[in-house]
Each structure stands twice: as structure tokens, then as C-alpha cells.
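Build the full structure now, drawing on both the sequences and the hints.
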Amino acid sequence: MEHEQPPPRAPRRRGRTTALIATALVLGAVAGTVTGYAVQYGRKPTPLPPLAQQKLDTPKAQAPNDATTVKSINANRWHKTDDDLTKLLVEAPAGAKSEGAGYDSLDSYATGFEAAGSGFRTMVEHGFRRIATTSWEQGDIQVDIQLIQFRDFAGADAHRSGQSRYMPEEKYAGNRGADIPGIPAESGHLWVYSKNEEKPGYYPVRQARAVARRGDIVMHIFYFDTRGRAIAESDVAEVAKRQWERL
Numbered sequence: 012m013e014h015e016q017p018p019p020r021a022p023r024r025r026g027r028t029t030a031l032i033a034t035a036l037v038l039g040a041v042a043g044t045v046t047g048y049a050v051q052y053g054r055k056p057t058p059l060p061p062l063a064q065q066k067l068d069t070p071k072a073q074a075p076n077d078a079t080t081v082k083s084i085n086a087n088r089w090h091k092t093d094d095d096l097t098k099l100l101v102e103a104p105a106g107a108k109s110e111g112a113g114y115d116s117l118d119s120y121a122t123g124f125e126a127a128g129s130g131f132r133t134m135v136e137h138g139f140r141r142i143a144t145t146s147w148e149q150g151d152i153q154v155d156i157q158l159i160q161f162r163d164f165a166g167a168d169a170h171r172s173g174q175s176r177y178m179p180e181e182k183y184a185g186n187r188g189a190d191i192p193g194i195p196a197e198s199g200h201l202w203v204y205s206k207n208e209e210k211p212g213y214y215p216v217r218q219a220r221a222v223a224r225r226g227d228i229v230m231h232i233f234y235f236d237t238r239g240r241a242i243a244e245s246d247v248a249e250v251a252k253r254q255w256e257r258l
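Using the numbering used here, the letters of the sequence shown map in sequence onto residues 12 to 258.
Treat the hints with care, since some could be wrong.
What the hints assert, rightly or not - Here are the computed lysine-lysine pairs in the DSSO-like style, where the Cα-Cα straight-line distance is at most 30 Å: (1) K108 with K206; (2) K252 with K55; (3) K252 with K182; (4) K98 with K252; (5) K182 with K206; (6) K252 with K206; (7) K98 with K55; (8) K55 with K206; (9) K98 with K108.
The set of hints was computed from the structure by calculation and includes no laboratory data.
Here is the structure:
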């Protein structure tokens with residue numbers, strides 16, 4: 012014998028009483044609010060406490076002249092990377108022969124790409140703004156530094172990523188490189204090339220490179236031993252860290 016299933020329970024109806032209670036609650040809240048506004052309306056306004064400093068000293072507006080710059084007009088919006096970019100380049104160490112600091116053009120920079128035209132277009136697409144460079148020699152060591160500024164963080168990071176991606180290939184460093192102490196791994200990396208660069212009639216050259224982004228600036232450190240001797244990662248990291256801190 013099959014067990015009978017109980018009949019389905021009928022849905023509970025919303026009676027008139029429930030609606031009246033809800034209406035009364037709403038009306039009560041409105042009435043209370045109106046009464047509160049009426050009481051406040053009849054009171055005298057409460058005076059605000061006096062300012063701690065009655066007269067604020069603000070500089071008077073001055074007409075622009077020959078000494079007026081974008082920095083002097085927008086002092087509160089100014090960032091040090093908007094100033095002379097060469098000021099952010101690290102100085103050559105004591106005893107090194109410095110070749111000075113200056114700006115380079117995008118045309119000149121693009122010639123360093125295997126396909127100059129493609130490199131130029133890519134830099135423009137990334138929002139290239141300007142490039143500051145410096146270099147020095149110390150014995151058989153030569154160091155070249157580039158600070159490449161873009162119009163936003165995204166363009167700078169795209170450039171950093173693109174430049175870092177091919178470095179492990181055999182044609183370039185030939186290894187995965189290493190992190191730079193003091194610089195987040197996602198922001199920078201360094202590589203000491205596994206092989207010397209050799210050309211007939213020249214001494215072999217050993218190369219190392221560091222690439223890192225801070226804000227809208229990508230820094231490139233090119234480190235060479237012109238006698239082809241081994242390069243310590245720590246030596247390259249020290250230069251990269253100094254430049255990073257300047258940014």
C-alpha cells in the first residue's frame with residue numbers, strides 16, 4: 012500500500028491587517044521626521060566655532076615674466092621626473108672618466124634596433140617622451156646608462172617587458188639572468204652574457220645588462236668589460252640599485 016503524500020500547503024495570503032500595519036509604520040516614520048524638522052526650524056542657528064587661524068597667508072598672484080616656468084605655475088602638481096631628466100642620472104664613480112650626460116633623439120635610439128623603422132614605430136606606440144643618457148669609463152670597464160621616459164606607466168612597462176623578453180635567448184645573454192637586490196622582481200632584472208662578443212682585430216668584450224622600470228621611466232644599464240673578463244653580477248646590481256634609488 013502506497014503512503015499518501017500530504018496535500019501541498021496553500022500559499023499564505025497577505026491580509027489587509029498586514030498592509031495596514033506596514034502603512035502605519037511608514038506614516039509613523041514620516042510623521043516623526045516632520046516633527047523633528049519643525050522643532051529644528053523653530054530654534055536659533057548654532058554659531059560655528061571660530062577658525063584657529065583667522066587670516067591665512069597666501070602668496071599674491073603675480074604676472075608672468077621671463078622667469079616664469081611650468082614648474083612655478085603648477086608647483087603643487089610638479090613631479091621631479093618632469094624636471095631636467097639628466098639630473099636623475101647617477102654620477103660616475105670617483106676616478107672614472109665621464110663622458111657627461113645629455114639627451115638623445117628617438118631617431119638615434121631607434122638605430123640600435125635590428126629593424127630601426129619597426130623599433131621607432133613601437134616606441135611611438137608606447138608613448139615615448141624623451142631619453143637621457145650618460146656614460147663613463149673606469150679602466151677596462153665601460154658603463155652606459157639610458158633613462159627612457161614615457162607618457163604613462165603602461166607604455167613604460169610595455170617597453171620594459173619587451174626589452175626583457177628576448178634577453179635569455181642564445182643570441183643575447185643566453186641565460187635567465189638574476190633579480191636585482193632592492194628592486195622588485197616584476198620591475199627589473201639583470202643578465203651577464205654567457206659568451207664574449209668577438210670580432211677579428213678587437214679584444215673580446217663581455218657584456219652585462221640591467222633593465223628596470225620605476226614609474227614612467229625605464230632604465231637601461233649597459234656594462235662592458237672591454238678585455239672580455241668575467242663580470243660579477245653584484246657589480247652590475249650595484250650600479251642598477253644606485254640608479255633605481257635616484258628615480
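These are the hints, each one checked on the structure:
1. K108 with K206: 27 Å, holds
2. K252 with K55: 65 Å, violated
3. K252 with K182: Holds. K252 to K182 sits at ~26 Å (cutoff 30 Å).
4. K98 with K252: Measuring from Cα to Cα gives roughly 16 Å; hence the hint holds.
5. K182 with K206: Distance ~10 Å between K182 and K206 Cα, so the pair holds.
6. K252 with K206: 24 Å, holds
7. K98 with K55: 61 Å, violated
8. K55 with K206: 87 Å, violated
9. K98 with K108: 18 Å, holds
The earlier numbered hints that this structure contradicts are 2, 7 and 8.
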